[in-house]
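Student: Sequence:
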Amino acid sequence: MNVTILDRPEPPAGRPCVSDVRATSLTLSWYGPTYDGGSTVQSYLVEQRRLDKGEEQWQPVTSTCRSTSYLLQGLEAPARYCFRVRARNEHGLSEPGLESDPVDMAESQDPKQDDDISDDDEKVTEPYYQQVTINTKQKVSELFDIHEKLGTISGGELFERIIAEDFELTERECIKYMRQIVEGVCFVHEQGIVHLDLKPENIMCVNKTGTSIKLIDFGLARRLENNKSLKVMFGTPEFVAPEVINYEPISYSTDMWSVGVICYILVSGLSPFMGDNDNETLANVTSVSWDFDDEAFDEISEDGKDFITQLLKKNSRVRPGSQQCQAHPWLQKDTDNMAAKKLSKERMKKYLAKRKWQKTGNAVRAIGRLNSLLGVGNRKVSLSGLKISPDAAESPAPMDRHPEQQQQEQQQPLTEKQRCEPFFSQTMQDVLSAVGAPAKFACKIEGYPDPEVIWYRNGQPIKESQLYQIDYDEEGNCVLVISATSLCEGGKYTCKAFNVLGEASCSAQLQVN
1 MNVTILDRPE PPAGRPCVSD VRATSLTLSW YGPTYDGGST VQSYLVEQRR LDKGEEQWQP
61 VTSTCRSTSY LLQGLEAPAR YCFRVRARNE HGLSEPGLES DPVDMAESQD PKQDDDISDD
121 DEKVTEPYYQ QVTINTKQKV SELFDIHEKL GTISGGELFE RIIAEDFELT ERECIKYMRQ
181 IVEGVCFVHE QGIVHLDLKP ENIMCVNKTG TSIKLIDFGL ARRLENNKSL KVMFGTPEFV
241 APEVINYEPI SYSTDMWSVG VICYILVSGL SPFMGDNDNE TLANVTSVSW DFDDEAFDEI
301 SEDGKDFITQ LLKKNSRVRP GSQQCQAHPW LQKDTDNMAA KKLSKERMKK YLAKRKWQKT
361 GNAVRAIGRL NSLLGVGNRK VSLSGLKISP DAAESPAPMD RHPEQQQQEQ QQPLTEKQRC
421 EPFFSQTMQD VLSAVGAPAK FACKIEGYPD PEVIWYRNGQ PIKESQLYQI DYDEEGNCVL
481 VISATSLCEG GKYTCKAFNV LGEASCSAQL QVN
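The UniProt record's numbering puts the first residue of the sequence shown at 1, with every later residue one more than the last.
Do not rely on the hints blindly, as some may be mistaken.
In the DMTMM-like style, the derived pairs of lysine to aspartate or glutamate whose C-alpha atoms are separated by at most 20 Å in a straight line are [said to hold, decoys possible]:
1) K444 x E474
2) K228 x E201
3) K341 x E302
4) K349 x E160
5) K199 x E302
6) K231 x E474
7) K214 x E201
8) K314 x D298
9) K313 x D336
10) K199 x E243
11) K354 x E157
12) K199 x D217
These aren't lab readings, by the way, just hints derived from the structure by calculation.
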């Protein structure tokens with residue numbers, strides 16, 4: 001059961017940034033709130049204050065701005081200003097966000113105004129005329145595709161479709177699906193975009209009877225620019241490429257690694273890298289520990305194995321691109337005349353069941369941490385609110401331990417472990433970053449009960465968003481990644497850990513040039 005509390009939004013995140021400063025105008029930009037209060041932000045209130053006059057009261061500039069930038073005009077010069085922004089939804093107006101850095105209007109002049117005025121203040125420049133030709137032959141509808149409707153996808157996830165009773169799984173069907181996946185990835189790459197989260201959950205069947213599929217969920221996608229290096233620190237451990245884990249530059253080949261993992265699972269029902277936890281999975285990925293030894297691959301052609309082998313190479317430079325994959329002999333096979341030998345679906349069922357149990361384990365750990373935070377040291381965590389799907393409960397075989405045993409371990413009283421207040425066994429280091437590049441802070445936290453963690457920037461709490469990605473695993477490794485730094489992100493970053501016994505913190509500086 002999910003509970004949403006409706007309230008006014010939180011203040012806009014970070015400090016507003018000033019740009020394009022002219023004689024009497026400037027552009028103010030800011031981030032939206034980290035939480036919108038459960039309803040859409042309708043507008044922003046921009047306020048200003050004169051510092052050179054010692055004003056203490058904030059004066060409203062506009063209360064109807066619907067975007068996260070605003071052109072302020074009619075400012076006085078010389079003068080010194082600062083600005084702040086509030087967010088508004090249907091439940092009210094947020095508290096004000098952080099103030100912008102002071103802006104001196106005398107420091108910049110509008111070059112356009114200088115060009116429009118002659119040296120003699122009393123003489124106006126001659127009017128300037130230019131011939132303009134209006135295009136009356138072409139219409140907007142001839143230049144743009146206008147989509148008035150959105151399509152629907154009703155077939156569910158691809159892997160769930162495969163294990164259905166009415167579906168016959170063969171290598172021929174696998175080839176048909178992989179052709180579509182590679183074709184979709186190729187189209188995305190041609191637009192200069194990497195998906196960065198290709199996995200079975202993001203491959204959907206158009207309907208429940210046909211074989212057409214679509215790629216979804218571009219929430220982590222990024223645009224690649226030829227002259228810029230891009231690093232990221234997010235993705236799904238089982239499908240993420242080694243260069244992401246090692247925080248190395250990514251490329252279109254990063255998506256192709258994920259395609260290789262999906263293909264491996266599709267034809268065998270086995271995962272090449274899945275461990276008992278995320279850390280073990282990531283270790284398997286970075287060491288590229290996989291093989292075709294299982295009997296599941298006895299029924300797969302050599303071309304199919306070669307296709308997977310070419311994609312699951314640690315060096316991203318030697319992986320084939322999406323266009324090369326389309327030309328691979330395996331995807332070029334004549335599927336109409338291929339032998340339709342059935343492949344076992346039991347391994348796929350067990351694989352999906354194991355993934356569901358692992359997700360349940362993450363939920364159990366989260367409840368345990370909440371239990372610790374509330375200080376109920378000798379009371380057990382209730383699991384009655386968790387819902388386990390029937391097929392997952394019937395297939396515990398892939399687990400090293402029975403799920404009931406895992407639940408019992410999660411329910412053990414906290415007193416069975418040695419309790420201690422949090423401390424940092426590895427502290428953060430100062431970071432120097434270029435504008436537009438990502439930045440990363442990492443530390444390791446010890447303590448029991450498991451500490452809760454809050455990140456701060458210049459004393460203000462940070463909440464996870466598209467700009468800030470926060471990761472905290474069960475081993476105590478805590479990471480904050482800033483996906484694209486700007487001058488506004490510079491400052492002091494602090495990681496604070498606390499449990500019922502005490503708290504600890506460490507800090508480092510981010511300098512953006």
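Student: Evaluate each hint against the coordinates.
Tutor: Each hint tested on the structure:
1. K444 x E474: Roughly 11 Å between the alpha carbons, so the hint for K444 and E474 holds.
2. K228 x E201: With Cα atoms ~30 Å apart, K228 and E201 exceed 20 Å; violated.
3. K341 x E302: The hint holds at about 15 Å.
4. K349 x E160: holds (9 Å)
5. K199 x E302: violated (24 Å)
6. K231 x E474: Not satisfied, since the Cα-Cα distance of roughly 24 Å exceeds 20 Å.
7. K214 x E201: holds (11 Å)
8. K314 x D298: With Cα atoms ~25 Å apart, K314 and D298 exceed 20 Å; violated.
9. K313 x D336: violated (31 Å)
10. K199 x E243: holds (17 Å)
11. K354 x E157: Holds. K354 to E157 sits at ~16 Å (cutoff 20 Å).
12. K199 x D217: holds (10 Å)
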